[in-house]
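Order-wise, the sequence lines are chains B and R.
Numbering-wise (the working numbering), the first sequence opens with residue 1 and increments by one.
Numbering-wise (the working numbering), the second sequence opens with residue 1 and increments by one.
Hints were generated in silico from the structure; no laboratory data involved.
Don't be surprised by glycine CBs; every beta carbon is placed ideally from N, CA and C.
Each hint should be verified, as a subset may be incorrect.
Think about it this way: if two alpha-carbon atoms lie no more than 25 Å apart in a straight line, the pair counts; the simulated BS3-like pairs of lysine-lysine are [to be verified]:
#1 R:K426 with B:K140
#2 B:K139 with R:K375
#3 B:K140 with R:K481
#4 R:K473 with B:K140
#5 B:K139 with R:K481
#6 B:K139 with R:K705
#7 B:K139 with R:K411
Which chain R residues face chain B? A few, computed with CB under 8 Å, are given here [what the hints assert, rightly or not]:
#8 T767
#9 Y773
#10 G778
#11 N779
#12 F830
In silico negatives: residues of chain B with every beta carbon more than 10 Å from chain R [stated by the list, open to error]:
#13 K105
#14 D129
#15 K140
#16 L191
#17 R209
#18 K212
#19 V224
#20 Q259
#21 N260
#22 G275
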Amino acid sequence: MRNIYLYIVLSVLAFGCKREIVINVKNYEPQMVVSGQIVPDSFLRLRIGSTQSITDNSGPLWVNSGFIEVYDKDTNLLEVLSNGQSGFYQSLTYKPQANRRYLFKLYGLNRTAWVDETVPDDLNLKLIDTSSLLYNSSKKHFKIQFELGQIPVNQAAYYSIQLQRTYQKINGSDTQYLKQYVDVYSSDLILTEDARTAFNKKDLLLTNRIIKSSPQLLSVHAPVILDGQVTTALDLTVKRISLSAFDYYSSMYQHLFYQNNPFLQPNALNGNAVGAYGALLGVNSRQIHIEL
Amino acid sequence: MFRAIFCILIVFNCYLNAAAQSPLLEQRISLQVKQKSLSEILSQIESLSQVKFNYTDKVMPKGLYSVKFKNEALSIVLTQILQKHALTYALMYGQSIVILPLSKSDKRYTVSGYVTDDNTGEKLIGVTVLSRNGQQSTLSNQDGFYTLSLPADSVHLSFNLSAYKTQYASVFLTQNTALNIALKDDYTEYKYTYSYQLEPQSKLKTEGYHLSAKTLKQLPVLFGESDLMKGIQLLAGVNAGSDGTIGANVRGGSADQNLILLDDVPLYNPSHIYGFFSVFNSDVVKDVKLIKGGMNARYAGRLSSVIDVRSIDGNKKAIKAQLSLGLIASKLTIDGPIGKQKKTTFVASARRSYIDILRKGLSEIPTGTDINPFKSGYYFYDINAKIKHDFSHKHQLSLSYYLGQDIVFVKNNFTIKNDPFTIRQKDRQDVHWGNQLIALRDHHVINSRLSGLFSVANTTYRFGNQTSFDYSKTSDTSVIKIGSASYNNTYVNSLISQYHLEYALSPNSKLTSGINYTNHWFRNSNNYQDSINLKTISQSKNVFAHEFSAYMAFNTVVRQKLFVDAGCVAIQFFSEQQPYNSLQPRLNVQYKPFRKMTLHTAYQSTAQFLHMVSSNSIGLPIDVWLPSNKSLAPETSRQISGGFMLQFPKYSISIDAFNKRMNHLIELVSVGKQAIDISNEANQFSIGSGLAYGYECMIEKKAGKLNGWMSYTLSWNHRQFEGINQGQVFPYRYDRRHNLACLLNYVPNKKIEASAAWAMSSGARFTIPEQVYTVQNGNQQWEQIYLYSDRNNYQFPLYHRLDLTVTFKQYHAKYTSLLSIGAYNIYNQFNPFYIQSSINAQGNNMFEAVSLFPCIPSVFYKIQF
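Let the hints inform the model, and build the full structure from the sequences given.
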């Protein structure tokens, strides 16, 4: 459906002639922006930035003079993160745990913001089979069948699936191995039933809404040759994410999908920070590495 | 005795002269007399004109009178001189006019009939029928029918319609009389000026603004296609949508709030080519009426306005054909009578664009390779047909049909031979949308006071998308075949049955009433078949809604000074077990304190039970109509307007003010959501309100070689929605503060017509992101996110453009040809269609404006035979 829409819009745009125009946009006071993931058993690492005018071409603005207080659900202070570099703040001692709730108090730009987030529970990921298939009759795809376990049956759970490929790039006598996220294809209804997840194929979002049992067999596939370069390895990452992360990423991908459409005003992002833009999101991930 | 003799003479005259127009009475005289008897005044008129008066001295009043007329029609002079003395006149044979006393009888009779075009026999709408003593006037209705109740006496009627020569008729009423009149085109008389001889003091402001077929054909064109919606955009109170589109935002309303009727049946999507052309083929349009406020109670279902389009019935005299060749489309129209008695007429017209054919020709140029798989195209077509039968002058039956379709296709077919395999692939995607309408109308005059109109109609709008994919890989030893197919259809269908009655209560009062039942059917269906996974998914959802309505309206004219049209429409709408009732009062009052001035005020309450949900701001065909239900209340509106109109023989000036409040407006919160489900619960709507107010001014010149109009609107238009713009009031997208439009037609002779339309308005509103921030996505990559502060926070630059068209006509013995040359946006003004943020060559963020229509020349050729 979106293809049709794009075709219609593009065919209208094909008539157009363009001209750069100057618009004097209003100046607004900068607002704090937070971005980061809370990963169990890893040091906390998040970034604080600032909003800026759309006509500001100096690059992203980061806030180094802020600090972050990390509390548990009973508001016991766990650690204070400070001394930001390029906006990054990292914990030195404390590592978050799965299935725990945390509160973050962020200071920056003379403002305070709060984030309340729970790190999701664990998940199991098991490779079942790999094969190749012809997608759309002509393109060779690599198919991965895997088993997703520890899915709660009577409780909502949210997941994200990503495929990162490793490919060779030859520059004269140099051979580079590069990594790149690729579109995740699937004919599994479970993976594609939620319309909100269709805006970014590189990060496939799903819920356990129509999963009736655990473990669940799923399959994804991706092209073997992309942009003329052969994939040598694939990393399948499945993340169990919090509800805030599911809402945030789905709204972000929808926003980005329509961001350059002049006839639409994209949706705002559903962040979980109160008093700031962006989000701090609980993520619990597992990965499978496959050499092709 | 004297009176009896004259009565006999005049009755005799009536039979011979009833329907005749009288050039004698049309002659213009200038007269200035001071303190003379009436006999002396009449003698002086005899010397100035070619008439002879017959009267007896007994009827002449005693006294001296002063009169002054400058270049006035003789009929007007006589009416004004004689009616003061309770006298009237009747035209006899030759150049004799009889003066006699007005009848003292209280008995009244009805004069009624049809007004037609003398050339084609086509019924004319909106013809002003005026009794020459100025006591009564009426307008011919949508069937060209008029009725006047007048005293049993000698009556003189004039029939006036812009671009037609005014006709006069004299009748001595001794019984109810049928009087059919044929108006002659000004050009057929080789008189190159428009006639406008109606007495300004007698004309009341008509309901709505009429654009006749002649006016529409004079409008400047885009790509050679004249378009009635582009003409409507030039009227006061109408705000055009985006550049080049046909959207009309009437008095602050949105485009979907216009009730667009084709022969009384609503059309859901009035546009072709994504909104750049209307579906109305100008060859079959007879009349268009725009009602912005004070609409009659017979109209219901939309909030803002009525655009009432009437199609032609077909030539009653001979079979005629028109072939038109434009830049993007061509059309053929044939109309004429059937049978010797010529009681049945037909019209058939077809139009098709040929962008795809031209493109196909270009794409089939050999490229040196066998594989040229990708083809895409776009075309639209429409068909209008109508057949009408006159059982008698009191009973007509017509059947009309319209079908319009837009089709976009993308196909990718190829065959590759790679031994030992042969690979064949067929991939096709079709998107089509359009309206289909069929209507049966039965108009019958029950008696001289009562007429009825029964109609049954079906109108459908359908948007569909079909994809198919077939692949085969064959060799001598193996065959692999796979394929898939899917379709998605969105469909709205309304089955309408209605009956209207019109009853003349008294000479000056009329009662109209009617009932209507409409069954709406909304359908959304999806089907997917896949031969790989052997999967078939089929879903469909049907929603039915029922709409019952009844209305009554009363209108009266008191001494030609006060006109009142009051009515009320009651509607019950029922959908998904949720009933909604609505009572909508309507009032339109006009008062003439002076001869040339009319004061008017109007109030209307409206409700809209069908909502168009738009996921974009340009009116693409994917917009979906939804019915009111439990979660979606009907949109409502109240509008009050008032103003005055000054009418002079050749000019009219009107100034209006309006205030319109709209409630329960809906807007899709989740913008960009394309597959809108007809089950409303699945959609995220925001409910809001709107306020529009402003002033309108229109100056019109209908007469002369140079005619046209100029309109100016000063207006404000706001919206307020929960969850949009933090709940704060924001300007509507088409909140154009100033709107100026000017249309000029110049007709130096019958072979050349020139037309210019200039439009200037404040820019439309748009929303741009003002801030950005950078965050990580789920793949740990950094993304720039736009921040929008206020909705519609910026304004396009001033919009203006000039369109010109010159038409050359050649009259031959057997055919007439017409060549039209013109240009849209002749001085190539850069009018942005949209603005987007982008990155320039230096890698810096910037804003980029895109204009779709630079100067576009057009050529159009038409042959009529």
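Each hint, compared with the structure:
At most 25 Å may separate the alpha-carbon atoms for a hinted pair to count; K426 of chain R and K140 of chain B meet this at roughly 19 Å. Only pairs whose Cα atoms come within 25 Å are accepted, and K139 of chain B paired with K375 of chain R is accepted, the gap being roughly 21 Å. Between the alpha carbons of K140 of chain B and K481 of chain R the distance comes to roughly 17 Å, so the proposed pair stays at or under 25 Å and holds. In summary, the hint linking K473 of chain R to K140 of chain B is supported, as the alpha carbons are separated by about 15 Å, within the 25 Å threshold.
Distance hint between K139 of chain B and K481 of chain R is fulfilled; the C-alpha atoms sit about 16 Å from each other, no more than 25 Å. The hinted pair formed by K139 of chain B and K705 of chain R fails the criterion: a straight-line CA distance of about 69 Å is larger than 25 Å. Between K139 of chain B and K411 of chain R the alpha-carbon distance is near 19 Å, which keeps this suggested pair within the 25 Å criterion. Look at T767 of chain R: its Cβ gets to within about 5 Å of chain B, closer than 8 Å, so that hint holds up.
Interface hint status for Y773 of chain R: upheld, as the beta-carbon distance to the closest one in chain B is roughly 4 Å, under 8 Å. About 4 Å separates the beta-carbon of G778 of chain R from the nearest beta-carbon of chain B, less than 8 Å, and the hint is met. Because the beta carbon of N779 of chain R sits about 5 Å from the nearest beta carbon in chain B, less than 8 Å, this interface hint is met. Hint status for F830 of chain R: holds, given a least beta-carbon distance of 6 Å to chain B, under 8 Å.
The Cβ of K105 of chain B sits about 19 Å from the closest Cβ of chain R, beyond the 10 Å cut-off, so the non-interface label holds. Every C-beta of chain R lies more than 10 Å from that of D129 of chain B, the closest at about 17 Å, which supports listing it as non-interface. Every CB of chain R is more than 10 Å from the CB of K140 of chain B (nearest about 13 Å), matching its label as outside the interface. Even its closest Cβ contact with chain R, about 14 Å, leaves L191 of chain B beyond 10 Å, as expected for a residue assigned away from the interface.
The Cβ of R209 of chain B sits about 15 Å from the closest Cβ of chain R, beyond the 10 Å cut-off, so the non-interface label holds. Against the 10 Å criterion, K212 of chain B stays outside the reach of chain R, whose nearest CB is about 18 Å from its own CB. Every CB of chain R lies more than 10 Å from the CB of V224 of chain B, the least distance being 18 Å, so the non-interface label holds. A Cβ of chain R approaches the Cβ of Q259 of chain B within 10 Å, the least distance being about 6 Å, so the stated non-interface status is violated.
At roughly 6 Å, the least C-beta separation between N260 of chain B and chain R is not larger than 10 Å, which violates its mark as non-interface. Distance check on G275 of chain B: its Cβ is at least 14 Å (rounded) from any Cβ of chain R, clearing the 10 Å threshold; non-interface status holds.
Violated hints, in rising order: 6, 20 and 21; the structure is consistent with all others.
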